[in-house]
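Turn these sequences into a full structure, and let the hints steer you where they fit.
Protein chains in written order, with the working numbering: chain A, 1 to 118; chain B, 1 to 179; chain C, 1 to 147; chain D, 1 to 500.
If you're looking for bench data, these hints aren't it; they were derived computationally from the structure. Do not take every clue at face value.
If you want a taste of the chain C side facing chain D, the calculated C-beta under 10 Å gives, among others [stated by the list, open to error]:
#	residue
1	G32
2	T72
3	G73
4	G75
5	M84
6	L87
7	G97
Every beta carbon over 10 Å from chain C, so not counted as near; a handful from chain D, in silico [unchecked claim]:
#	residue
8	E68
9	G70
10	T309
11	E375
12	P460
No residue lacks a Cβ here, since even glycine has one placed at the ideal position from N, Cα and C.
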Amino acid sequence: MNLLDHFNYYVVITLMMVGFYIIMARNNLVKKVIGLNIFQAAVILMYVTMGRVHDGTAPILADGPDVVYSNPLPQVLMLTAIVVGVATTALGLALVVRIQENYGTIEEDEIRALEDAS
Amino acid sequence: MTYVDAFLLTLLVITAVSVAGMRNLFAAAVFFGIYSLLSAAWMTVLDSPDVAYTEAAVGAGISTVLMLATLGLTSDREKKDPILKPLPLFIVLATGMVLLYGTLDMPAFGDPMAPIHQHVAPHYLNDSPQEIGVPNIVTAVLASYRGYDTMGETTVVFTAAVGVLAMLIGRRQRPSEAS
Amino acid sequence: MTEDLILRVVTKVLTPFIMLFAFYTQFHGDYGPGGGFQAGVILAAAFVLNALTFGLPQVRKALPDRIMIIGTGLGVLLYAGTGMVSLFRGGNLLEYGVLDHHSPVHGQHLGILLVELGVGITVTSVMWVIISTFMERAVEDAEGGEG
Amino acid sequence: MSAETATDFSAHLPALAVMVPLMTAPLVVIFRNSKVAFGLSLAAAWSVFGMILKTLMLTLEHGGWVYELGGWKAPIGIVYNVDTVAAFVMLIVSGIGALVLSYAPMSVAREIPENRQTLFYSAFLLAMTGLLGMTITGDAFNVFVFLEISSLASYTLVAMGSSRNGFTAAYRYLIMGAIGGTFILIGIGLMYMMTGTLNMADLAERLPEVAHTRTIMASFAFVIVGAGLKLALWPMHTWLPNAYTYAPSVASAFISATGTKVMVYVMLRFVFGIYGTEFAFTELSLGLPFAVLGLGGIYAASTAAIFQTNFKRLLAYSSVGQIGYIVLGMSLATVGGLAAAILHLFNHAIMKAGLFMAAGHINHQVGSVRLADLEGIGRKMPITMGLIAIGGAGLIGVPLTVGFVSKWVLISALAEQDLWWVVGLALASSLLAVAYIWRFVEVAWIREPAPALEHVTEVPFWLWGPTAVMMTLSIVFGVWGAGTTEVAMEAARILLGVAA
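Given below as structure tokens:
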């Protein structure tokens, strides 16, 4: 097995894990949303990576014969996933704004302390 | 694997890791924008101009602007707390291990014989000129073959607007009034 | 909002080009990269640029909130409506081929044009509504600080 | 398929059932009037219910069918997989949705500010659209899209409760939900990578060839964990109690009854319909971990419910426990076990929706659902308390209620496999339900009415009517449980792919 065959996937997995770790470990609510975005962007890269063909070109039909096209399907799916990601981000950040207004902080541990107190 | 690929991938990992370590949230948001642009660049290298275009517009554009706007309304410093936490680290490493385990039987990168290039996709590439007649196959699949998905996607965007309006419409509450 | 003359002039000059590019992206999506979603984001970006330079109230005069909120729903309705018209013309849901009984390919073109337009309308309005709602909070914040 | 004749047109019913709420949601926002919004939503919900009832009857009579969206054949396009299981789950979603909406206007008027009411109805319809869409679809990626519609709408609904804790509850729900969704996306991606298709039937056909690959095993892990997060599988349930507690009453009733249920259904579809029983239960022996998680959930969450000081929170923990019964049934991978799981989806949905609606009555009159504020409320609100008693009896599994029927089917399925110690554990767990229901009964009936409750009266008919219908259903399907059991058995056979 050639290590280079899957090198891209290793990078993508690293990125996913960095994002996932930020979500799980950071206390700051905005930081968590940033982590979520890194995580999702990495998943998008995973799909796009699998759609690539050696010596291929973008799936926009050209006149030349023997053109190899990359797979359009993962790209279509990922357009949807990007949109879902930005929708989630917008909603999450709107919640963060309201949490700041109600609690005066956006640090998870301080919010928990305030919740327990009330 | 070319030098361009290697360069982009290295930069991607560096930006992602530095976002994790940063205390200044403004910098983190801007770095996320860079991360997003870099992934868009790599998507272009991977022959996906449509996805790259969208990622650049959304990730580096809308998402980053929203993050900065939120920081303007909250605070731009993250409180100090330990970077390494055992339980999250364990969960993340376990997840990563499962993914690495998954790569062991994956088709090689760019292999034209991989199942996804042999099934379904050839139909789009070969028959869409007769069936739909749009040169950009991504558009053909997006709007027609999988048009139902895209309708769902439009609905997701609409849902986001409903959600944000439901949360932020009207005058803001002061922390003093709320507590 | 800024008093900086250069920014104001540059914004004025750039706006038509950004909008033109958005429309190009919208209607050229069949031939090159792009489509309703990307076009919507770019068009909304043009509005946001203007809001940052000339202030939110100024842009709201041209784009009343009511209209933009209607826009968020209108795009979805246009998309879903295209699907329903196909259904009532004897096809399945979203089967654009039946939109033109003589030439299914032409029907497909028409359907794609309409649904992409629906996506564009919704995305433009939603992105503007979301960002302007966030900006409005920030403006209130500043006012609150002064008062 | 052409739409020439009326019978042919009924093939379009599932599509219409998704489109009606999807198109009503933007209309509601455009009209911007809360009365119009309510009217439109109610009309949409009941018409969807009618369409799905008809669909279910058709599938029972003639078997299922495949509906090709955009006219493209699977696996090129997206298709609906219309069968008894999907129709049954959609019936739960639309029926609960319609009844809960019938109850909504007074509750919404009290709990949600005027300028947000139309948005509330819109989000409600979107949640319904998402749940219906992900139930009926036969495409793995499409599940993700509609899952996100319902999730985003649910986060919105949760955040609309009037308390500030609602925002943090919604935020945590959003983060957990987004992780769950992304995990499912990764799982689907790995599956797609190995087979080249997204259509569920096509996947089921092509997966056995590559089932031994480590990539497919990883994809399985991601789908299970992702779905587990979304359906609040113990111990991944931490987002649920606060989300249900702080959501507005109408939203609590709808989401608790349908959200996790549809996710269970999606998990069933993936495990049995795509990966297959052979792969999941023989090769990976998933039965034991599922049984452990199910029983663990029943005991841990029911015990936690006993110690709650807030009635809605108590109900929320009880939900986590009840999901445990469903997972326990699923872990058997037999027709009886699956039937018990599917039946309990239906039965628990009715009971929990009714109970959360009744909690809404209390909130409407008292303005709080904390047990400390409800001392002696039983004498002030006799109808509501009677309804809660019926629901509580159902949760315990008293005969003549739906809870008894599902427990009976579950226990017989366990006995069939000679798992007598599990039977014992499942029976003993009912005592925990007795304990947490008793806690409420004790506060509401035994204690002297608190002075603060002096002027509390029963809620008007428009609130208790729909709740009473829900509870009546829980008795109707408890007494005549044979009918629902038969449908559930049929659904289980379809999922397992065995002939009757």
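Holds or violated: is there a CB of chain D closer than 10 Å to the CB of C:M84? 6 Å, holds
Does the claim that D:E68 lies outside the interface with chain C hold up, using a Cβ gap greater than 10 Å? Non-interface label fails for D:E68: nearest chain C Cβ at 6 Å, not farther than 10 Å.
So, C:G97 near chain D? Judge it on the closest CB pair being under 10 Å. Holds: closest Cβ of chain D sits about 6 Å from C:G97, inside 10 Å.
Are all C-beta atoms of chain C more than 10 Å from that of D:T309? 35 Å, holds
Taking the closest Cβ pair, is C:G73 under 10 Å from chain D? 3 Å, holds
Could you check that no beta carbon of chain C comes within 10 Å of the beta carbon of D:P460? 33 Å, holds
D:G70: least C-beta distance to chain C exceeds 10 Å? 4 Å, violated
Go through the hint on C:G32 and say holds or violated, using the shortest Cβ distance to chain D against 10 Å. The hint is violated - C:G32 has no Cβ within 10 Å of chain D, the shortest such distance being about 23 Å.
D:E375: least C-beta distance to chain C exceeds 10 Å? D:E375 is indeed farther than 10 Å from all Cβ atoms of chain C, at 41 Å.
Interface hint status, C:L87 versus chain D (Cβ within 10 Å): With a closest approach of 6 Å, the C:L87 hint holds.
Does C:G75 pass the interface check with chain D, least Cβ-Cβ distance below 10 Å? 8 Å, holds
Does C:T72 pass the interface check with chain D, least Cβ-Cβ distance below 10 Å? 7 Å, holds
In the structure shown, a violation is registered for the earlier hints numbered 1, 8 and 9, in ascending order.
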